[in-house]
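Assemble chain A onto chain V, guided by the hints.
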Amino acid sequence: MSTTPSSAKLRVLLIVEHHGDVFLLREMVNEEPHSRFVIGAEAGSLADATTRLASGGIDVVLLDLELADSHGLETFTAFRKTAPTLPVVVLSDVEDEELALQTVQLGAQEYLVKGRIVPHLLHRALRYAVERARADAQLAHERELLATLLENIPDRIYFKDRRSRFIRINRALTEFFGLASAEAAYGRTDGDFFDPAAAQQMLADERSIMETGQPILGKIESKTLTNGEVSWTLTTKLPLRDRAGLIIGTCGISREVTAFKTLEEQLATERHLLRALIDNLPDLVFLKDAEGRYLLDNPAHMRFLGASEFSEIDGRTPFDFFPDPIARVLHEEDMAIIRSGQPVYDHEQKVADISGHMRWLLTTKIPWLSEGRAVGLVSISRDISVQKLAELHLKQANADLKSRRQDLMAAVKDLQEAHQDLRATQLQLVDAEKMKSVGRLAAGVAHEVKNPLAIMKMGLEYLSTLPIEDETAPLILKEMSDALHRADTVIRGLLDFSAPKQLEVRRTSINVIVNQALRLVRGEMKRGCQVQRELQEDLPQLALDADKISQVFVNLFTNSIHAMGGGGTLFVRTYSKQLTGVGSNISDQRSESFRVGETIIVVEIDDTGPGIAEDKLAKVFEPFFTTKPTGQGTGLGLSVVKTIIDLHGGTIDLRNLPDAGLRVTIMFQA
Amino acid sequence: MKKQRIFIVDDEAGFTRLLKLTLEKTGNFQVQEENDGTNAWLEARAFKPDIIFLDIVMPKIDGGDVAQQIRSDPMLAHVPIIFLTAIVSRTETKHDIGGFPFLAKPVSLEAIKQCIAEHLGE
Numbered sequence: 001m002s003t004t005p006s007s008a009k010l011r012v013l014l015i016v017e018h019h020g021d022v023f024l025l026r027e028m029v030n031e032e033p034h035s036r037f038v039i040g041a042e043a044g045s046l047a048d049a050t051t052r053l054a055s056g057g058i059d060v061v062l063l064d065l066e067l068a069d070s071h072g073l074e075t076f077t078a079f080r081k082t083a084p085t086l087p088v089v090v091l092s093d094v095e096d097e098e099l100a101l102q103t104v105q106l107g108a109q110e111y112l113v114k115g116r117i118v119p120h121l122l123h124r125a126l127r128y129a130v131e132r133a134r135a136d137a138q139l140a141h142e143r144e145l146l147a148t149l150l151e152n153i154p155d156r157i158y159f160k161d162r163r164s165r166f167i168r169i170n171r172a173l174t175e176f177f178g179l180a181s182a183e184a185a186y187g188r189t190d191g192d193f194f195d196p197a198a199a200q201q202m203l204a205d206e207r208s209i210m211e212t213g214q215p216i217l218g219k220i221e222s223k224t225l226t227n228g229e230v231s232w233t234l235t236t237k238l239p240l241r242d243r244a245g246l247i248i249g250t251c252g253i254s255r256e257v258t259a260f261k262t263l264e265e266q267l268a269t270e271r272h273l274l275r276a277l278i279d280n281l282p283d284l285v286f287l288k289d290a291e292g293r294y295l296l297d298n299p300a301h302m303r304f305l306g307a308s309e310f311s312e313i314d315g316r317t318p319f320d321f322f323p324d325p326i327a328r329v330l331h332e333e334d335m336a337i338i339r340s341g342q343p344v345y346d347h348e349q350k351v352a353d354i355s356g357h358m359r360w361l362l363t364t365k366i367p368w369l370s371e372g373r374a375v376g377l378v379s380i381s382r383d384i385s386v387q388k389l390a391e392l393h394l395k396q397a398n399a400d401l402k403s404r405r406q407d408l409m410a411a412v413k414d415l416q417e418a419h420q421d422l423r424a425t426q427l428q429l430v431d432a433e434k435m436k437s438v439g440r441l442a443a444g445v446a447h448e449v450k451n452p453l454a455i456m457k458m459g460l461e462y463l464s465t466l467p468i469e470d471e472t473a474p475l476i477l478k479e480m481s482d483a484l485h486r487a488d489t490v491i492r493g494l495l496d497f498s499a500p501k502q503l504e505v506r507r508t509s510i511n512v513i514v515n516q517a518l519r520l521v522r523g524e525m526k527r528g529c530q531v532q533r534e535l536q537e538d539l540p541q542l543a544l545d546a547d548k549i550s551q552v553f554v555n556l557f558t559n560s561i562h563a564m565g566g567g568g569t570l571f572v573r574t575y576s577k578q579l580t581g582v583g584s585n586i587s588d589q590r591s592e593s594f595r596v597g598e599t600i601i602v603v604e605i606d607d608t609g610p611g612i613a614e615d616k617l618a619k620v621f622e623p624f625f626t627t628k629p630t631g632q633g634t635g636l637g638l639s640v641v642k643t644i645i646d647l648h649g650g651t652i653d654l655r656n657l658p659d660a661g662l663r664v665t666i667m668f669q670a
Numbered sequence: 001m002k003k004q005r006i007f008i009v010d011d012e013a014g015f016t017r018l019l020k021l022t023l024e025k026t027g028n029f030q031v032q033e034e035n036d037g038t039n040a041w042l043e044a045r046a047f048k049p050d051i052i053f054l055d056i057v058m059p060k061i062d063g064g065d066v067a068q069q070i071r072s073d074p075m076l077a078h079v080p081i082i083f084l085t086a087i088v089s090r091t092e093t094k095h096d097i098g099g100f101p102f103l104a105k106p107v108s109l110e111a112i113k114q115c116i117a118e119h120l121g122e
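Heads up: the sequence lines are chains V and A, in that order.
Residue numbers for the first sequence follow the working numbering, so the first one is 1 and each next one is one higher.
Residue numbers for the second sequence follow the working numbering, so the first one is 1 and each next one is one higher.
Isolated chain V, as found in the complex (with noise of 0.2 Å):
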């Protein structure tokens, strides 16, 4: 539609065929004084009159229905098609009113019957058909407005009556509700659409705004929908008026919201259950601003701080819970960590506690950045005492096991030494099983030998008191006697063997045990032999039996006498010495009995006889072997002075000196 200015003159589209008409139209269109009309142009026919409006510049028409190529309603319907919203007044005959009548509603702004126009009505009427034409276009525009808005706003958009059902509804809510059809709607209420509870309270908020024609702005509603989704929505409604202010309905828009408030209830669900996280970590949590106040803390740290609910935390710093120097150090490193921007991974550090016990925390810290800026810190802390403990623990069990496994080294030495003595021992024990039977074998020879030799004896007795003439029967008498005592010597040599090995023993010195003897060999001494002593004084006193160990220097004592026949010097001698090596001063058989280190107590026994044959010597000890004439050796001797040394766990040794003679070296551990 054209703008006309008020001082320009509009400009008439005559469509009338009949001259007479036209001329007096043109005439009074042109004649009016101040008549805001002139004609533009003049038209016989419809398709003059489209040839003519193509041009443009026209601003009203005036139509005669009747025309050479058009008749009656036609004509106007047909001029609607070529121009819709040019103004329009209709001018019609007197018969055909009824038909004029019928444009108007078709559209036509206004109508006038020929023959009964004059000036000023014409006038009236193309002014009436201009100001309403532009009217009709404001509104269609207007119209249109709203029907865009209506169809293409997302949001929902409603009108009701008074009695809440609606009048109209718009595109988005149609959808909202799956209807075809916005009128499908129409006459209807919210309890057909939602759920009863839900339209209960829009009702009521309806008839409130309709009391009070207070509008409800923003109010968040939820909404059950028949298929059982809930919807919801941030809605604004507001009283419906007329013209005239009263209040006839209402109207509202509401806009769907479900989707931030899922996203808004995500939100919360992922904040609680970070905080759930948070509060149930047994790690120490704190966050503090960029001042070092504790923001946020985690029961963890609350416990650790002595607090029991987060408002005795709030806003405070380490000072309010540690004495002064403890404070300071926690503080002045998060406040380096907050200045620099630097996060520390996994510190250890000792701490105490606010019950000042020493705890091990393993402790990340990281900066808290806004906009690229520091603004506080996050920390995290595992209390790790416990493992630092086992740590400690461990380290104590290794050093300990350390000590054990030498402690055990040395019970397994001594063991086997344990061992070796049970050996030992055991092979003494099978040597006394041995010589129990020797023993049994002894006791039963001498039983059965000694009673004849009893017999003898007494017989022997009983003879020599007889008064006997002949010279030689006391000799052979004092043969017998002999013979007789010869056999006896055997079988107690025999016993004494065999007899149990059970020593007496108690600390005793050699030397003395030595004199001892050589006082009990004085009788044989009396052939002329010397003796010579060399005894080592403060020698150590040895564990002995001294009476089996004074049998055996009275053996060996009169062994060597014997030997010597009837002279000859018996040197005897006692010392210490400590072993120094093997090979150095021991033979081989000694090195068994004797340790190197070990001092050793040697008893050295030296004849000037003519000693004993090499082959011979290592014989000496086996039992019934002598080296003397049949007749003054029993051959059990040394066999006992062997069994005794061996029992007090000495070494008994025989070799030829290199001149004459023989030595006997006897050792004792000191």
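One thing to keep in mind: the hints can contain errors.
As the list claims (entries may be wrong) - Below, a sample of chain A positions facing chain V; criterion: calculated Cβ distance under 7 Å:
(1) PHE15
(2) THR22
(3) LEU109
Unchecked claim - Computed list of chain V residues with no C-beta within reach of chain A, every gap over 10 Å:
(4) ARG303
(5) PHE310
(6) VAL449
(7) ASP488
(8) LYS642
(9) ASP646
Simulated from the structure, these hints should not be mistaken for laboratory data.
Glycine included, each C-beta is placed from N, C-alpha and C at the ideal position.
Positioned in the frame of chain V, the structure of chain A alone reads:
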């Protein structure tokens, strides 16, 4: 002078007979011999000896048991008992056997007389 009464218990009859002969030949002793140890106690009661020589190893009864019987008899408790034994080594002879003195076989007449003198006096 009253003869000293010697009771000798030994299963060796040859030995007891010779000992009896030898001792009685001196004229100072009256000797009774017993070769069965089981009879020793009752015979001792009957004989009433001044001293008893007792063999240890006998077939039916041990000399130690016989000594026990005699010692527990009030009539004989005071009578000295001397053991005679063959089974004794040289080192053991310096001790007594079960509290009783003893002599080792073969024993000399001198040793027996000395022993009697020690216990009963001349």
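For each hint, the structure was consulted:
1. PHE15: Because about 5 Å separates PHE15/A from the closest Cβ in chain V, which is inside the 7 Å limit, the hint holds.
2. THR22: holds (5 Å)
3. LEU109: holds (4 Å)
4. ARG303: holds (88 Å)
5. PHE310: Consistent with the label, PHE310/V stays out of reach of chain A, its closest Cβ about 100 Å off (over 10 Å).
6. VAL449: violated (8 Å)
7. ASP488: Its Cβ does come within 10 Å of chain A, the nearest being 6 Å, so this is violated.
8. LYS642: For LYS642/V, whose nearest Cβ neighbour in chain A is about 16 Å away, the distance exceeds 10 Å, so it holds.
9. ASP646: holds (17 Å)
Of the numbered hints stated above, those contradicted by the structure are hints 6 and 7, listed in ascending order.
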